Amino acid sequence: MFIGVIGATGNIGQHLVAEAAARGHRVFGFTRNAGAVPQRSNVSWASLDIFDTAAVAAVLPGLDVLVSLYQPGNAAADFDATVRESIADPTAYATAAHSLLSALNTHPRTRLLVVGGAGSLETAPGRTMADEENLGAILETIGLPAEYATAVRGHRDALNVYRTSNRLWTYLSPAGEIGPGERTGRYRVGGDQPVVDGEGRSRISFADAAVALLDEIENPRFIQRRFTIGY
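Residues in the sequence shown are numbered consecutively from 1, following our numbering.
If you are wondering where the hints come from, they were derived from the structure by calculation, not from laboratory data. Keep in mind that this is a model prediction, so the values were computed, not measured. Note that beta-carbon positions come from the ideal geometry of N, C-alpha and C, so glycine has one too. Among the hints, erroneous ones may be present.
DEER-style ranges, computed between Cβ atoms [to be verified]:
1. R26 / R127: 39 to 49 Å
2. R84 / S47: 17 to 27 Å
3. A18 / R127: 30 to 40 Å
4. G198 / G62: 40 to 50 Å
5. A137 / H107: 35 to 45 Å
6. E199 / R32: 36 to 46 Å
7. F2 / E133: 44 to 54 Å
8. D52 / A76: 16 to 26 Å
9. A22 / N105: 14 to 24 Å
10. P61 / A124: 39 to 49 Å
11. A18 / P220: 20 to 30 Å
12. D131 / G62: 36 to 46 Å
Required output: the full structure, derived from the provided sequences and hints.
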């Protein structure tokens with residue numbers, strides 16, 4: 001397959017590019033500064049601004065799937081800067097969604113996979129973490145500033161944008177805890193509720209999130225739907 005990856009140098013993006021290339025797919029990595037990326041076989045690089053709808057539309061011909069791992073800044077290089085930028089403009093996620101969907105109007109057969117946030121997963125029927133009035137205090141318990149609540153709600157708003165679209169979109173809300181770790185190739189799949197382990201934790205590694213994304217690319221099960229993953 002021909003797979004485009006926006007945010008290909010990020011935490012999940014690096015693993016997704018490697019996983020896709022290892023499985024024999026042709027990867028087109030899109031990032032803000034492609035000239036600084038080391039070259040590798042079966043992977044082509046180009047600079048791309050996700051908010052430039054015409055530019056996104058221009059890279060779609062020939063792609064089977066476009067994956068968006070968009071985050072402000074590059075969390076792999078400077079996580080704190082990404083947090084600050086996300087707080088400064090929490091509407092960026094919905095704006096990016098509108099740009100991607102508008103671009104796909106020119107190539108409606110291209111599939112779109114988006115990795116968003118876990119805060120829109122249901123904590124009770126019809127209620128999400130993003131709905132909690134004390135969300136800021138909850139975030140502080142996991143080391144994030146209370147102000148990041150606006151970014152969590154920004155991710156939720158972006159998901160709602162996708163839900164109004166008839167394009168071939170899929171939205172992945174990763175586990176609540178996601179970070180470095182081994183590639184096990186094993187994970188469990190859920191829908192709108194978090195997947196938790198025997199200790200009640202919702203967690204996944206960047207590497208296994210990439211595995212789950214590629215599995216969905218190769219064997220789509222969630223067209224026009226959100227899904228989540230965890231151990």
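The hints, checked one at a time:
Checked against the hint of 39 to 49 Å, the pair R26 and R127 passes, with Cβ atoms roughly 42 Å apart. Against the hinted window of 17 to 27 Å, the Cβ-Cβ separation of R84 and S47 comes to about 23 Å, which satisfies the hint. The hint said 30 to 40 Å for the Cβ distance between A18 and R127, and at roughly 37 Å that hint holds. A hinted range of 40 to 50 Å holds for the C-beta pair G198 and G62, which are about 44 Å apart.
A hinted range of 35 to 45 Å for the beta carbons of A137 and H107 is consistent with their spacing of about 44 Å. One distance hint, 36 to 46 Å for the beta-carbon pair E199 and R32, holds here, with the actual separation near 38 Å. At roughly 45 Å, the beta carbons of F2 and E133 sit within the given window of 44 to 54 Å. For D52 paired with A76, a C-beta distance near 23 Å keeps the hint of 16 to 26 Å intact.
In this structure the supplied range 14 to 24 Å is violated for A22 paired with N105, their Cβ-Cβ distance being about 33 Å. For P61 and A124, the hinted distance range of 39 to 49 Å is satisfied, since their beta carbons lie about 44 Å from each other. Between A18 and P220 the beta carbons are some 21 Å apart, a value that agrees with the proposed interval 20 to 30 Å. With their beta carbons about 41 Å apart, D131 and G62 fall inside the hinted range of 36 to 46 Å.
The structure shown violates just one earlier hint, number 9.
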